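Asks: Numbering (this note's numbering), first residue to last: 28 to 483.
It should be emphasised that the hints constitute simulated quantities derived from the structure, not laboratory data. These figures come from a predicted structure and were not determined experimentally. Glycine included, each C-beta is placed from N, C-alpha and C at the ideal position. It is possible that part of the hints are untrue.
To be verified - In silico lysine-lysine, DSSO-like type, Cα no more than 30 Å apart, as pairs:
no.: 1; residue 1: Lys128; residue 2: Lys151
no.: 2; residue 1: Lys182; residue 2: Lys368
no.: 3; residue 1: Lys423; residue 2: Lys83
no.: 4; residue 1: Lys128; residue 2: Lys237
no.: 5; residue 1: Lys237; residue 2: Lys151
no.: 6; residue 1: Lys125; residue 2: Lys97
no.: 7; residue 1: Lys125; residue 2: Lys83
no.: 8; residue 1: Lys83; residue 2: Lys151
no.: 9; residue 1: Lys107; residue 2: Lys83
no.: 10; residue 1: Lys297; residue 2: Lys421
no.: 11; residue 1: Lys125; residue 2: Lys151
What the hints assert, rightly or not - Cβ-Cβ distance ranges computed for the label pairs, FRET-style:
no.: 12; residue 1: Asp51; residue 2: Glu195; range: 33 to 41 Å
no.: 13; residue 1: Lys83; residue 2: Ala396; range: 48 to 56 Å
no.: 14; residue 1: Gly163; residue 2: Arg53; range: 27 to 35 Å
no.: 15; residue 1: Arg99; residue 2: Glu165; range: 52 to 60 Å
no.: 16; residue 1: Ser209; residue 2: Glu135; range: 48 to 56 Å
no.: 17; residue 1: Ser452; residue 2: Ser298; range: 25 to 33 Å
no.: 18; residue 1: Ala396; residue 2: Asn425; range: 33 to 41 Å
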Amino acid sequence: VWREKKKPYQHKSLFSGLRMAAIDYRQLEQNIESVELNIRNRNATADARRVAALYKQFCALTFNAGELRKLRNENAALMKRAAQMSAEERSSAVAEGKRIKQQIADLEAELAAVEEEMEREAAKIPNATHPDVPIGEESNATVLEVRGAPRDFAKEGFEPRDHVAVGEALDLFDFDAAARISGAKFYFLRNAAALLEVALVNWALNECVKQGFTPMTAPDLAREAVVSGCGFNPRGEGSQVYTLSDSDLCLVGTAEIPLGGYFADQLLEKSALPVRMAAVSHCFRQEAGAAGAATRGLYRVHQFTKVEMFVLCAPEDSETEHAQLRAIEQRLFDALGLHYKVLDMPTHDLGAPAYRKLDIEAWMPGRGAFGEISSASNCTDFQARRLNIRYREKLKDNRYVHTLNGTACAVPRMILAILENFQNSDGSVTIPEVLRPYMGGMDIIRAPSVATAAVK
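Start from the sequences, fold in the hints, and give me the full structure.
Replies: Here it is as structure tokens:
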């Protein structure tokens with residue numbers, strides 16, 4: 028059983044309208060200098076001391092509000108004996124009750140404002156960082172492993188072309204038509220490329236199922252509360268999220284978002300952990316500022332299909348689960364025959380949620396460079412706190428789960444890698460053997476017939 032029926036109590040929840048603790052405020056107070064160092068290392072814009080000061084103010088106001096409520100209760104008890112009071116005593120008690128009531132209202136308004144600012148500022152503080160993560164920019168990434176070897180095209184007697192040239196010659200996609208309809212960085216997949224997308228999704232999903240993941244599809248839209256709960260900025264400067272006007276709905280950039288929201292406000296039994304899901308979804312990203320030859324074609328687009336793995340587990344198991352996500356990704360890319368490297372990404376590249384992020388970059392000979400095809404992140408309790416996902420460790424001991432995510436297959440990047448790595452001198456492309464059963468037995472992509480090519 029994954030979920031327990033929600034009981035009607037006033038615990039803060041994602042959908043109740045009550046704000047939740049984005050961080051552990053007591054831990055912040057006790058480790059303020061290390062939190063500030065982590066903020067600097069991750070190049071984040073957060074003020075830990077401001078948050079600590081707001082928390083101190085919040086605690087003081089909460090205490091004062093409690094004391095006033097005690098006085099209100101005492102006054103209410105006194106008024107029960109109103110019939111035995113003199114007119115002067117009764118009038119004084121009534122006035123005192125009104126004064127206390129107004130003080131509580133004023134204090135609660137101040138408390139709500141302080142809490143709102145505290146939570147807003149706390150949400151800017153990034154997750155803690157694994158001690159092995161390199162500090163600094165993307166160029167500081169640590170290479171953990173290199174698998175395979177680049178294909179020697181020179182030895183075979185021809186120069187590799189990039190995926191755009193290969194695909195256009197084989198009538199695999201149409202960027203011009205998509206641009207007329209939707210704008211730049213959209214595309215149509217045609218002929219074998221359309222079949223290849225379906226094959227990649229089916230193959231990757233089946234491989235995840237073999238590893239114990241529950242196959243799922245996911246909504247392409249999510250509420251802003253869920254998007255921000257997962258650590259993504261739905262609005263404002265620098266946001267990569269598409270939002271719907273006159274609505275709190277956003278187009279998701281990854282199935283990680285709806286899968287995280289699936290368990291929002293839930294209390295899981297520890298025996299149900301880990302929960303492993305693999306979902307197919309469309310992904311939508313603004314990719315603001317992305318341009319140039321290195322991002323042309325399918326490499327960086329506004330919409331694509333992806334198979335995403337998502338895990339919820341007990342805190343003591345999250346590093347093991349992270350290693351398993353990496354192993355699954357490597358097994359997939361080994362099966363495709365790709366040359367790739369595994370990177371431990373530096374602090375500037377982690378974003379807010381990740382405690383540690385491992386990227387996999389495949390060699391793309393047409394681009395003459397490695398390009399990211401996958402990542403796996405351990406987000407510890409960062410998302411669980413914001414989404415209010417907990418598990419019962421024991422009776423009256425409920426704790427936050429840890430969440431992890433990993434890319435099983437980002438379709439456009441995989442098509443790019445296949446076209447560039449397995450192109451042949453005659454312009455055809457050899458399909459990796461593991462995908463052929465999902466391609467109706469097709470083993471080589473050749474230029475379509477003249478009749479098929481004319482359908483444009």
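Asks: If a hint holds in the structure, say so; if it does not, say that too.
Replies: These are the hints, each one checked on the structure:
A distance of roughly 35 Å separates the Cα atoms of Lys128 and Lys151; the hinted pair therefore is violated under the 30 Å criterion. For the suggested pair Lys182 and Lys368, the alpha carbons sit about 23 Å apart, so the restraint of at most 30 Å is met. A C-alpha spacing of about 27 Å is found between Lys423 and Lys83, which places the hinted pair at or below 30 Å, so the restraint holds. For the hint pairing Lys128 with Lys237, the CA-to-CA distance comes to about 62 Å; that exceeds 30 Å, so the pair is violated.
In summary, the hint linking Lys237 to Lys151 is not supported, as the alpha carbons are separated by about 38 Å, beyond the 30 Å threshold. Straight-line distance between C-alpha atoms of Lys125 and Lys97 comes to about 14 Å, which keeps the hinted pair within the 30 Å bound. Of the supplied pair hints, the one linking Lys125 and Lys83 holds, its CA atoms being roughly 28 Å apart against a limit of 30 Å. Simply put, Lys83 and Lys151 have alpha-carbon atoms about 18 Å apart, close enough for the 30 Å limit, and the pair holds.
Note on Lys107 and Lys83: the hinted pairing is violated, with a Cα-Cα distance of about 37 Å set against a maximum of 30 Å. Between the alpha carbons of Lys297 and Lys421 the distance comes to roughly 8 Å, so the proposed pair stays at or under 30 Å and holds. Using a Cα cut-off of 30 Å, the hinted pair Lys125 and Lys151 is violated, with the two alpha carbons roughly 40 Å apart. Asp51 and Glu195 have their C-beta atoms about 54 Å apart, which leaves the hinted 33 to 41 Å range violated.
For the pair Lys83 and Ala396, the supplied restraint of 48 to 56 Å holds, since their beta-carbon distance comes to about 50 Å. Look at Gly163 against Arg53: about 30 Å separates their beta carbons, and that is inside 27 to 35 Å. Distance hint check: the CB atoms of Arg99 and Glu165 are about 57 Å apart, consistent with the given range 52 to 60 Å. About 49 Å separates the C-beta atoms of Ser209 and Glu135, a value consistent with the hinted range of 48 to 56 Å.
Judged by the Cβ atoms, the range 25 to 33 Å given for Ser452 and Ser298 is violated: they are separated by roughly 57 Å. Range check, Ala396 to Asn425: Cβ separation about 47 Å, and the 33 to 41 Å hint is violated.
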